[in-house]
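*Asks:* One-letter residues, chain by chain:
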Amino acid sequence: MTFGQLLLTIGLPTFVGAILIVPAWLVPRVRDISGLAGSALGVALGMALVVAFMAEAGVPDLPPAQKWHMLPIIACGIVILCPVVAIMDGSGEIGRWLISIAAGAIIGWLAVFPNMDILGRILLGVWVGVSFMVLSWVSHHRRGITVTLSLTIVFAALAILCFHSHFITLTLINGALAATAGVGFVSALVAEVWTLDKEGKRRSIAIGWGGAFAAASLVPLTCFCGWAYTIGDVDWIHWALVGAAPTMLGLGELPGLHHRHGLGSSFVRVSMVCIPVALGLILVFTGVSGQEEPEGSHTNIEMMEYGY
Amino acid sequence: MCIHSCRFGRYLVVAALMGSGLVAAFSQESKPAAKVEAFQLDPVHCMALFRVHHQGAGQFWGRFNDVTGTVLYPRDDSVAPEFDVKVAVNSIDTGTTKLDRTLMGPDFFNAVEFNTLSFKSTGAERIGERRWKVMGDLVMLGKKQPVVAEVEVTGVRGNPVVAKAGWEAVVELKRSDFDMNWGIDNGALGDDVRIVIGLEGESGPPAKR
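If you read the protein sequences in the order shown, they are chains Y and X. First residue of the first sequence: 1, per our numbering; consecutive thereafter. First residue of the second sequence: 1, per our numbering; consecutive thereafter.
Just so you know, the hints here were simulated from the structure itself, not pulled from any lab data. Don't be surprised by glycine CBs; every beta carbon is placed ideally from N, CA and C. There may be inaccurate statements among the hints.
What the hints assert, rightly or not - List time: in silico SDA-like cross-link candidates among lysine to any residue, alpha-carbon distance up to 25 Å: (1) 174/X with 69/Y; (2) 174/X with 117/X; (3) 67/Y with 118/X; (4) 144/X with 66/Y; (5) 120/X with 90/X; (6) 133/X with 155/X; (7) 98/X with 235/Y; (8) 164/X with 79/X; (9) 133/X with 76/X; (10) 143/X with 121/X; (11) 67/Y with 88/X; (12) 120/X with 69/X; (13) 98/X with 285/Y; (14) 67/Y with 90/X; (15) 67/Y with 182/X; (16) 67/Y with 146/X; (17) 144/X with 69/Y; (18) 98/X with 73/Y; (19) 67/Y with 177/X; (20) 86/X with 37/X; (21) 143/X with 235/Y.
What the hints assert, rightly or not - Label pairs and their in silico Cβ distance ranges: (22) 139/X with 122/Y: 50 to 56 Å; (23) 95/X with 97/Y: 52 to 58 Å; (24) 98/Y with 95/X: 53 to 59 Å; (25) 58/X with 59/Y: 29 to 35 Å; (26) 271/Y with 194/X: 40 to 46 Å; (27) 283/Y with 162/X: 53 to 59 Å.
Model the full assembly from the supplied sequences, consistent with the hints where possible.
*Replies:* Spelled out as structure tokens, the structure:
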């Protein structure tokens, strides 16, 4: 992997994400436009996946030649739908449930990775739906820095899992998603410190339903894709632990905890996300033997045993 | 005496004629082209090696150990060999398990979705004594593309019942033709791939096989 390749596959999507997020979250007049701030992170994440995929694997065929090539096609759909979902932000519980069910159903229907039977697709759909319910709820109560930092950590951990699964393109895609979420985190932090909102308060902007929709869709999608193509020592439990980590943010909104605000509470909430992430990574690293294997594969060993 | 000698002479002529007829008959039977036999490939003695340029520097070699299929071929080389060969992607062997897994991954051979590569002859042209240019379709990553293999018949050995035959084929292709594009643009791995396939098959009664 060369520096130029990293620059193209991770740097370019991050730059595109920055162009979308920074004005929408930091320029006061722009961020007050309805639905713009709430869709910026979502559109940036979707674009990051599409740009990173195209930098690595080119333009996908329609219908896709390989099942994992559905990822950028679904991401295009997310980019298009994000502003719509962001505008629906504040439409109440009915809107939230509708988006949750529709997102789960559409993604569960479209994302058919290898070895995924009907139960797998239902699980993916439910995962997307539940993730949206949690993240849209959190986005109403929590600062941008909490959610974006959590997403940065989760996507970075997914990149590590993909690397251990020998899936180079998905490693770089998750790297691009982590970097884009990182741009969101930095923008939210800057907004928290230096900018004032309409009410004259210093606070970072929420990721909005658009951001929640993209994150709730992309984390389970990349998890399932990585799991379906794993050739190595990464098991389903590792993917599940890391992929389900963003929903831990919901625990911070339970009665008794939700009234806590400030940077300290953000740190605690992010730490709750880090627990399953760290557990998943520790299990992967301890599960790998760590031995270099310069000898031939098992096929050769079997042939030697047979005396050929 | 004369009558007897004349009769004897006639017998001799008839016997000579019959003998020459038999000789002619036998010699005619050995001349026609040998029949085309089905050689079942022996996976232990078959392999497919591939070579690709790594980072613009060295030529990197790997191999597939599980090669199966059938070759239709007459022992006297009167007709071109017809290949129907399958290669198991998960038998890839570079000598390093980590690299094997990367090559089996979706960025390269995508063994989860496409577990075999296959080649089927569509035509052939003789280029020399026991040397053929064999045209055929190679299916890789679910995509079928025509390729040309230069084939040398490396040997035929056996008895009238069973025989062994060997072939060596060299195929040059561009992996981008099969949508295997990873690393081409940034120069990490070359586009041109040379495949050298060593095959050995055995013909004979089905029970033996």
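*Asks:* Are the hints correct? Go through all of them and say.
*Replies:* Here is how each hint holds up against the structure:
Our distance criterion of 25 Å between C-alpha atoms is met by residue 174/X and residue 69/Y, whose separation comes to about 21 Å. Of the pairs offered as hints, the one joining residue 174/X and residue 117/X holds, with about 15 Å between alpha carbons and a cut-off of 25 Å not exceeded. Only pairs whose Cα atoms come within 25 Å are accepted, and residue 67/Y paired with residue 118/X is accepted, the gap being roughly 20 Å. Between residue 144/X and residue 66/Y the alpha-carbon distance is near 14 Å, which keeps this suggested pair within the 25 Å criterion.
For the hint pairing residue 120/X with residue 90/X, the CA-to-CA distance comes to about 20 Å; that is within 25 Å, so the pair holds. Restraint check for residue 133/X and residue 155/X: satisfied, since their Cα atoms lie roughly 17 Å apart, inside the 25 Å limit. Taking the CA atoms of residue 98/X and residue 235/Y, the gap is about 16 Å. The hint holds against a cut of 25 Å. Between residue 164/X and residue 79/X the alpha-carbon distance is near 17 Å, which keeps this suggested pair within the 25 Å criterion.
Distance hint between residue 133/X and residue 76/X is fulfilled; the C-alpha atoms sit about 17 Å from each other, no more than 25 Å. Taken as a hint, the residue 143/X and residue 121/X pair is honoured in the structure, with Cα atoms around 16 Å apart against an allowance of 25 Å. About 20 Å separates the Cα atoms of residue 67/Y and residue 88/X, which keeps this hinted pair within 25 Å; it holds. At most 25 Å may separate the alpha-carbon atoms for a hinted pair to count; residue 120/X and residue 69/X meet this at roughly 10 Å.
As the CA atoms of residue 98/X and residue 285/Y are separated by approximately 15 Å, the hinted pair is consistent with the 25 Å bound. A hinted pair counts as satisfied when its Cα atoms are at most 25 Å apart, and residue 67/Y with residue 90/X qualifies at roughly 19 Å. Restraint check: the Cα-Cα separation between residue 67/Y and residue 182/X comes to about 16 Å, which is no more than 25 Å; the hinted pair holds. This hinted pair checks out: residue 67/Y and residue 146/X have alpha carbons roughly 24 Å apart, not beyond 25 Å.
Proposed proximity of residue 144/X and residue 69/Y is supported: the alpha carbons are some 19 Å apart, at most 25 Å. Distance restraint check for residue 98/X and residue 73/Y: the Cα-Cα separation of roughly 30 Å exceeds the 25 Å cut-off, and the hinted pair is therefore not satisfied. Taken as a hint, the residue 67/Y and residue 177/X pair is honoured in the structure, with Cα atoms around 18 Å apart against an allowance of 25 Å. With a CA separation close to 19 Å, the supplied pair residue 86/X and residue 37/X stays within the 25 Å bound.
Between the alpha carbons of residue 143/X and residue 235/Y the distance comes to roughly 30 Å, so the proposed pair goes past 25 Å and is violated. Restraint check, residue 139/X to residue 122/Y: a C-beta distance of roughly 33 Å breaks the suggested window 50 to 56 Å. A beta carbon spacing of about 55 Å between residue 95/X and residue 97/Y agrees with the range 52 to 58 Å that was offered as a hint. For residue 98/Y paired with residue 95/X, a C-beta distance near 55 Å keeps the hint of 53 to 59 Å intact.
In this structure, residue 58/X and residue 59/Y meet the distance hint of 29 to 35 Å, their C-beta atoms being roughly 31 Å apart. Range check, residue 271/Y to residue 194/X: Cβ separation about 54 Å, and the 40 to 46 Å hint is violated. For the pair residue 283/Y and residue 162/X, the beta carbons lie near 54 Å from each other, so the given range of 53 to 59 Å is met.
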